[in-house]
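There are 2 protein chains.
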Amino acid sequence: MRVYFTFDPRPDLKESLVNDFPEVDFIFHKTIDDKELAKAEVLVTYGEDLDEEKINIAKKVKWIFVASSGIEKMPHQAIAERGIVVSNVRGIHKKPMAESILAHLLSIKRALPFIYKNQQEKTWNQKTKLYELNGSTALILGPGAIGSEVGRMLQAFDVYTIGVNRSGESAPYMNETHSMDKLKELLPKADILISILPSTVETRYLLNYEHFTLLKDHCIFMNFGRGDLVKTEDLIRALEEKQIFHAVLDVFETEPLPGDSKLWEMENVTISPHISSRSSRYLERSFEIFKRSLRKWMNGERNLENKMDILKGY
Amino acid sequence: MRVYFTFDPRPDLKESLVNDFPEVDFIFHKTIDDKELAKAEVLVTYGEDLDEEKINIAKKVKWIFVASSGIEKMPHQAIAERGIVVSNVRGIHKKPMAESILAHLLSIKRALPFIYKNQQEKTWNQKTKLYELNGSTALILGPGAIGSEVGRMLQAFDVYTIGVNRSGESAPYMNETHSMDKLKELLPKADILISILPSTVETRYLLNYEHFTLLKDHCIFMNFGRGDLVKTEDLIRALEEKQIFHAVLDVFETEPLPGDSKLWEMENVTISPHISSRSSRYLERSFEIFKRSLRKWMNGERNLENKMDILKGY
Numbered sequence: 001m002r003v004y005f006t007f008d009p010r011p012d013l014k015e016s017l018v019n020d021f022p023e024v025d026f027i028f029h030k031t032i033d034d035k036e037l038a039k040a041e042v043l044v045t046y047g048e049d050l051d052e053e054k055i056n057i058a059k060k061v062k063w064i065f066v067a068s069s070g071i072e073k074m075p076h077q078a079i080a081e082r083g084i085v086v087s088n089v090r091g092i093h094k095k096p097m098a099e100s101i102l103a104h105l106l107s108i109k110r111a112l113p114f115i116y117k118n119q120q121e122k123t124w125n126q127k128t129k130l131y132e133l134n135g136s137t138a139l140i141l142g143p144g145a146i147g148s149e150v151g152r153m154l155q156a157f158d159v160y161t162i163g164v165n166r167s168g169e170s171a172p173y174m175n176e177t178h179s180m181d182k183l184k185e186l187l188p189k190a191d192i193l194i195s196i197l198p199s200t201v202e203t204r205y206l207l208n209y210e211h212f213t214l215l216k217d218h219c220i221f222m223n224f225g226r227g228d229l230v231k232t233e234d235l236i237r238a239l240e241e242k243q244i245f246h247a248v249l250d251v252f253e254t255e256p257l258p259g260d261s262k263l264w265e266m267e268n269v270t271i272s273p274h275i276s277s278r279s280s281r282y283l284e285r286s287f288e289i290f291k292r293s294l295r296k297w298m299n300g301e302r303n304l305e306n307k308m309d310i311l312k313g314y
Numbered sequence: 001m002r003v004y005f006t007f008d009p010r011p012d013l014k015e016s017l018v019n020d021f022p023e024v025d026f027i028f029h030k031t032i033d034d035k036e037l038a039k040a041e042v043l044v045t046y047g048e049d050l051d052e053e054k055i056n057i058a059k060k061v062k063w064i065f066v067a068s069s070g071i072e073k074m075p076h077q078a079i080a081e082r083g084i085v086v087s088n089v090r091g092i093h094k095k096p097m098a099e100s101i102l103a104h105l106l107s108i109k110r111a112l113p114f115i116y117k118n119q120q121e122k123t124w125n126q127k128t129k130l131y132e133l134n135g136s137t138a139l140i141l142g143p144g145a146i147g148s149e150v151g152r153m154l155q156a157f158d159v160y161t162i163g164v165n166r167s168g169e170s171a172p173y174m175n176e177t178h179s180m181d182k183l184k185e186l187l188p189k190a191d192i193l194i195s196i197l198p199s200t201v202e203t204r205y206l207l208n209y210e211h212f213t214l215l216k217d218h219c220i221f222m223n224f225g226r227g228d229l230v231k232t233e234d235l236i237r238a239l240e241e242k243q244i245f246h247a248v249l250d251v252f253e254t255e256p257l258p259g260d261s262k263l264w265e266m267e268n269v270t271i272s273p274h275i276s277s278r279s280s281r282y283l284e285r286s287f288e289i290f291k292r293s294l295r296k297w298m299n300g301e302r303n304l305e306n307k308m309d310i311l312k313g314y
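If you read the protein sequences in the order shown, they are chains A and B. Per my numbering, the very first residue in the first sequence carries number 1; after that it's consecutive. Per my numbering, the very first residue in the second sequence carries number 1; after that it's consecutive.
Calculated from the structure, these hints are not laboratory results. You may find that some hints are simply not true.
Same chains, same names: a pair is fine if it fits in one copy or spans any two.
Straight-line alpha carbon distances no greater than 25 Å define the calculated DSS-like cross-link-like pairs of lysine-lysine that follow [to be verified]:
{"#": "1", "residue 1": "K39", "residue 2": "K122"}
{"#": "2", "residue 1": "K122", "residue 2": "K184"}
{"#": "3", "residue 1": "K122", "residue 2": "K262"}
{"#": "4", "residue 1": "K184", "residue 2": "K62"}
{"#": "5", "residue 1": "K30", "residue 2": "K14"}
{"#": "6", "residue 1": "K54", "residue 2": "K182"}
{"#": "7", "residue 1": "K231", "residue 2": "K296"}
{"#": "8", "residue 1": "K73", "residue 2": "K242"}
{"#": "9", "residue 1": "K122", "residue 2": "K231"}
{"#": "10", "residue 1": "K296", "residue 2": "K94"}
{"#": "11", "residue 1": "K242", "residue 2": "K117"}
{"#": "12", "residue 1": "K14", "residue 2": "K127"}
{"#": "13", "residue 1": "K59", "residue 2": "K296"}
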């Protein structure tokens, strides 16, 4: 069996893979190569190098392992028609992402930007307000693997968690869960609004200016899902009008965020350059998931960890 | 009965107190007044305006309520000889302090200083390492009310917690607890070393340069107790030699930290100007504790919430 990596992993990780699966032929390339593509049964990719044509070339491919969580750039229809199994490393982002979200929330509440600024100026300044996270209510759009981990951590800080998903079915570590059509009724309750929604037809521009007017003045909005959740101009308007207290943005409509974007200079905005899911432990964890899945695959199992519905986009 | 406040609280808080206890005479002064002192049975103070002479004047005082947690500046011996009950608002610092400690830890792990700096420069920069808190081991010096709350939060982040106290008796939310004489054996285990120790004869200069050499290179040291835990010169030497990764300091040998202190400029130091226990909810909470205690006091109970052993200093 041939497993084709369209990227070149760290030597120690490659070595451990080759040692653990002596019966498999592993091909590692820095870029995608049509000849190799035509021969591979399993494809390992970051999910940004495939299109319909590549899928046609990859005639033998039965499983694509995506070493990231986003699959927006993949040719969904072509993959679905061929019945190719797609799985990703969804769970891998859970811990680092949730820790980043808590870091930003606590930093704002406990005045860390103020502390850092005064240190730069060598100023002993105690004149600021420090707030507490405990006792808040958080609205979590997309209480999936990451959202539930965020909910678990928030609950440890005595935060009341309300999940919002398609079905309204209860989700782990949510005190309540509601369906998306209840969104407008729920927004006024939120001290914190966190989105970890993927980009789908349903979530694109889900929020607009009006939604922000329904939030409390002191609400903190965090977008850690995808940048097209809200039009940047709507968000800027809401922030300029102080409809909310602060926005922490890890994702943007255009990335990198253009140098002339107003967002850079706004005092009530934190610009995180889409790094919140990163971790020094990322690749090790990807490989652990891949190895478990490859073992299953070779045993003829097809119900892999993080198996995705490519047409639904998650 | 006369209750004398040596500070002037917010009008709404005073009003609610007077309404709840119509049988009590409340005196509120901005400074300490000897005539009032001589008449009061209960004294409410921030703990920094009393000396032996004042205690001698306060002949009728049987209970001192300290609306802060530090009692270093109080005349311990004189108070003990008179058998005056002393209680403070110890528990009140628990939540804000623990949230500050977690804020700083997560901020360092998740690269928030890097993110803020790049935003100032309007630079989209992803070139940094992000680490995770989960999986770490934290050594907590002083697992009391605050330390245990820190332990509870750390455990929610899958951090292994080791408490170190006088007796070695187990403390809440500590995976292990040891006595102080085991300190040198424990230091090499710590990814994080947190002190919340009060200033006592036993804790003064408890840590010296040698202790820092026993810590891991990547260890984060957090002093949120008192500044005389370690000589500043020892700490600076350890930091210059990169014996540890970072120090987050909320307390200092001299406060405010002098403008010419080397600490201000060190890249591996965070200077928090002794504000980590502050909270917008502080006074409300103090008053809640005081009201509960006053009710007990009027019922003849003397075993008050947060009753202190003034000679031991905690």
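Hint check results:
no.	hint	result
1	K39 / K122	neither (62 Å within a copy, 46 Å between copies)
2	K122 / K184	neither (45 Å within a copy, 34 Å between copies)
3	K122 / K262	between (29 Å within a copy, 10 Å between copies)
4	K184 / K62	neither (43 Å within a copy, 56 Å between copies)
5	K30 / K14	within (13 Å within a copy, 71 Å between copies)
6	K54 / K182	neither (41 Å within a copy, 62 Å between copies)
7	K231 / K296	neither (42 Å within a copy, 58 Å between copies)
8	K73 / K242	neither (35 Å within a copy, 44 Å between copies)
9	K122 / K231	between (39 Å within a copy, 21 Å between copies)
10	K296 / K94	within (23 Å within a copy, 48 Å between copies)
11	K242 / K117	both (22 Å within a copy, 24 Å between copies)
12	K14 / K127	between (53 Å within a copy, 24 Å between copies)
13	K59 / K296	within (22 Å within a copy, 81 Å between copies)
Hints 1, 2, 4, 6, 7, 8 from the earlier list are contradicted by this structure; the remaining hints agree with it.
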